[in-house]
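**Student:** What follows is each chain in one-letter form.
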Amino acid sequence: MNKKTIKHSSYTLKPAHIIETKYLTDDIKYFKLRFTDGTDLDYTPGQFVMVSMCGVGEVPISISSTPTRKGFFELVIRKAGKVTSDIHSLKTGDKIGIRGPMGRKIPLSTIEGKDLIFVAGGLGIVPLRSFIDFVLDNRRDFGKVEILLGCKTPEEILFKDEIKDWEETLNVEFNCTVDKADPKWKGNVGLITSLIPSIFVYPERTYAIVCGPPIMYKFVIKALLEKGIKEDHIILSLERHMKCGVGKCGHCQIGNYYCCQDGPVFFYHEIKNNWEAL
Amino acid sequence: MQRYYVLNKNKLINFLSFIQSRSKLAAPVKKGEKSYAFEYITDLEKIALHYLPTILPVKKYFLPQRETLIEFNKKTRKTTHVIEFEELTLFGVHTCDLVGMQCLNAVMVEDPKDINYLERKNKLTVIAFECNSYCDEHATCGIMRTFIPSSGYDILFTEFDTYFLIHIGTTKGSEIVNESRLFDVAQKEHFDELNKLRKRKEEIFKPEINASYDELKKLMERACCTGAWEGIFDKCLSCGTCTNVCPTCYCFDINDDIDLNLLNGCRMRTWDSCQNEGFAKVAGGENFREERKNRQVHRYMRKFKYPVDKYNMYFCTGCGRCSRACVAKISLKETMNLLSERIKL
Chain A
1 MNKKTIKHSS YTLKPAHIIE TKYLTDDIKY FKLRFTDGTD LDYTPGQFVM VSMCGVGEVP
61 ISISSTPTRK GFFELVIRKA GKVTSDIHSL KTGDKIGIRG PMGRKIPLST IEGKDLIFVA
121 GGLGIVPLRS FIDFVLDNRR DFGKVEILLG CKTPEEILFK DEIKDWEETL NVEFNCTVDK
181 ADPKWKGNVG LITSLIPSIF VYPERTYAIV CGPPIMYKFV IKALLEKGIK EDHIILSLER
241 HMKCGVGKCG HCQIGNYYCC QDGPVFFYHE IKNNWEAL
Chain B
1001 MQRYYVLNKN KLINFLSFIQ SRSKLAAPVK KGEKSYAFEY ITDLEKIALH YLPTILPVKK
1061 YFLPQRETLI EFNKKTRKTT HVIEFEELTL FGVHTCDLVG MQCLNAVMVE DPKDINYLER
1121 KNKLTVIAFE CNSYCDEHAT CGIMRTFIPS SGYDILFTEF DTYFLIHIGT TKGSEIVNES
1181 RLFDVAQKEH FDELNKLRKR KEEIFKPEIN ASYDELKKLM ERACCTGAWE GIFDKCLSCG
1241 TCTNVCPTCY CFDINDDIDL NLLNGCRMRT WDSCQNEGFA KVAGGENFRE ERKNRQVHRY
1301 MRKFKYPVDK YNMYFCTGCG RCSRACVAKI SLKETMNLLS ERIKL
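Residue numbers (the numbering used here), protein chains in the order written: chain A, 1 to 278; chain B, 1001 to 1345.
Simulated from the structure, these hints should not be mistaken for lab results.
Among the hints, erroneous ones may be present.
[Said to hold, decoys possible] With a straight-line cut-off of 25 Å between C-alpha atoms, the simulated BS3-like cross-links for lysine-lysine are:
1. Lys272/A with Lys1281/B
2. Lys1074/B with Lys82/A
3. Lys22/A with Lys95/A
4. Lys7/A with Lys1075/B
5. Lys1121/B with Lys1060/B
6. Lys3/A with Lys1113/B
7. Lys1217/B with Lys272/A
8. Lys1046/B with Lys1011/B
9. Lys114/A with Lys222/A
10. Lys272/A with Lys1011/B
11. Lys14/A with Lys1011/B
12. Lys1333/B with Lys1201/B
13. Lys95/A with Lys1075/B
14. Lys1113/B with Lys7/A
15. Lys1078/B with Lys32/A
[Stated by the list, open to error] Ranges between beta-carbon positions, derived for each pair:
16. Glu231/A with Met1268/B: 19 to 29 Å
17. Ser85/A with Asp1214/B: 46 to 56 Å
18. Leu1260/B with Glu231/A: 30 to 40 Å
19. Glu167/A with Asp1214/B: 51 to 61 Å
20. Pro197/A with Met1268/B: 46 to 56 Å
21. Glu231/A with Cys1225/B: 12 to 22 Å
22. Lys160/A with Leu1260/B: 41 to 51 Å
23. His269/A with Lys1113/B: 36 to 46 Å
24. Asp161/A with Lys1078/B: 32 to 42 Å
25. Ser85/A with Asn1287/B: 53 to 63 Å
26. Met1268/B with Asp94/A: 54 to 64 Å
27. Asn1287/B with Pro197/A: 27 to 37 Å
Ideal placement from N, C-alpha and C gives every residue a C-beta, glycine not left out.
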């Protein structure tokens, strides 16, 4: 077999420096990154990157920062397997390989001027934070903003400082519920769907953006539809196993779609009849 | 460009020697009573001109089972993109396998293009060999309409009693034929014979499934989420043989390999199978195709539904390999016939 080298392929890694890290919980770590050549990652909220640890492997990770803030991008990674464990061992100053951004760039103009409901289950807040911060940085261009967050326990709530900002200063309604409270918890207890009936919406001008564990979608969508929100106003970010990120390897297929190319963000009307989506 | 030539049968060996003087040669070789494989050829006598579809299709040359994508050094953090290729002539590619390669082409040429595949493909020369009758009872090339070669080859051989009629598909094919100086220009009587053969083939190859070509996709759509699949895949062992031997299955895994010095390594792509249990399992533990049955339905959808929507092609070439190789003896023909009985179109 002959070999030749090429400058660029779909698998090209772009080196990035880690400029800040912190643990958000025992097994969830935050990384702030900057490309070593100083360029910005050209992304839209909802997109993801492939993070590469040469010798161990590559994993798809959603981008948690907003493209409105330049000079860096942020990832929040849960320790789940070999690659993510290795990524957790990295410190400020270390280098890492990035591919991306991957996935569909959804036209943000569709939600401009609209009321927004963000529904996040557990780690779903990580990719939604990209949308939320984008909206907050362009706060004048959007209507009412409501954030609903559901977590298993109060300890699992991420971005607690930022949530305080969202709640107190930024003209955002924030509601949180936990499955299991501890003695200090003063908020709601129950599933995330329990938060939806009590919110006030103008269905015509409201978009809902949903991200959470796979089991959550069916119930949240039902509750949102009951509120009168239209099918094409419900935006969902779906999770699938991914290997190549360029629509070839077959792992992330959802019926007719490749999650890595056609998603991971979909409008509900696009996938409601897809037998594998929800 | 002259497109049709004739090669006397006793000159075939000279032609193959000529090919060997230009590039490496791979052709079907008999491996067992009913098993054949494409192999590199040194001894021309070993080539089996008449063969049952090889165990693995020629996709193994287009998309190797193991292939390096990136080489890296952990210390210097330097990464190099690699394309592995070889100048190779494939001789004796069956009519159905030509379609298989075209299916792979459709996938790999779509943006973002797979440069590794496309570069490798350009180094391969394809000399096809037309099937004049069925290979065995597993083939479904009648309904898939893949028994008449239309494209996908540089040179096509069609066999007659004492000679081969040759059709030139590309300029590369034309160059080979001209340089070899072994071929005569085809005459009217040869074309008449070809027309007769093709007509005879229309009589031999008939739909093997009780549905029309156009109905196959509809059959999948209707059957998809219903009980029509009941019982069909109960005996499936999820071994992944059907996807390995399929000429249009291209799913792969990407893994890193590191040398014993723990410094140099490479990122490899290897064949994967949607039939493996963990294929669609995510880090959180959720498995989107946990049941064997669902994985098989998915395989059928990937042959008869999704690619039709996306590429306007069925990704089944009718080669019959999945049925021939299945250790649980699940037959594509029987499955489709059972579905067409159960589903009203």
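**Student:** Hint by hint, say whether it matches the structure.
**Tutor:** Cross-check of the supplied hints:
| no. | hint | in the structure |
| --- | --- | --- |
| 1 | Lys272/A with Lys1281/B | holds, 21 Å |
| 2 | Lys1074/B with Lys82/A | holds, 17 Å |
| 3 | Lys22/A with Lys95/A | holds, 16 Å |
| 4 | Lys7/A with Lys1075/B | holds, 20 Å |
| 5 | Lys1121/B with Lys1060/B | holds, 11 Å |
| 6 | Lys3/A with Lys1113/B | holds, 19 Å |
| 7 | Lys1217/B with Lys272/A | holds, 20 Å |
| 8 | Lys1046/B with Lys1011/B | holds, 16 Å |
| 9 | Lys114/A with Lys222/A | holds, 21 Å |
| 10 | Lys272/A with Lys1011/B | violated, 62 Å |
| 11 | Lys14/A with Lys1011/B | violated, 55 Å |
| 12 | Lys1333/B with Lys1201/B | holds, 20 Å |
| 13 | Lys95/A with Lys1075/B | holds, 11 Å |
| 14 | Lys1113/B with Lys7/A | holds, 15 Å |
| 15 | Lys1078/B with Lys32/A | holds, 22 Å |
| 16 | Glu231/A with Met1268/B: 19 to 29 Å | violated, 43 Å |
| 17 | Ser85/A with Asp1214/B: 46 to 56 Å | holds, 51 Å |
| 18 | Leu1260/B with Glu231/A: 30 to 40 Å | violated, 56 Å |
| 19 | Glu167/A with Asp1214/B: 51 to 61 Å | holds, 59 Å |
| 20 | Pro197/A with Met1268/B: 46 to 56 Å | holds, 51 Å |
| 21 | Glu231/A with Cys1225/B: 12 to 22 Å | holds, 19 Å |
| 22 | Lys160/A with Leu1260/B: 41 to 51 Å | holds, 46 Å |
| 23 | His269/A with Lys1113/B: 36 to 46 Å | violated, 30 Å |
| 24 | Asp161/A with Lys1078/B: 32 to 42 Å | holds, 39 Å |
| 25 | Ser85/A with Asn1287/B: 53 to 63 Å | violated, 21 Å |
| 26 | Met1268/B with Asp94/A: 54 to 64 Å | violated, 24 Å |
| 27 | Asn1287/B with Pro197/A: 27 to 37 Å | holds, 32 Å |
Hint compliance for this structure: hints 10, 11, 16, 18, 23, 25 and 26 are not met, and every other hint is.
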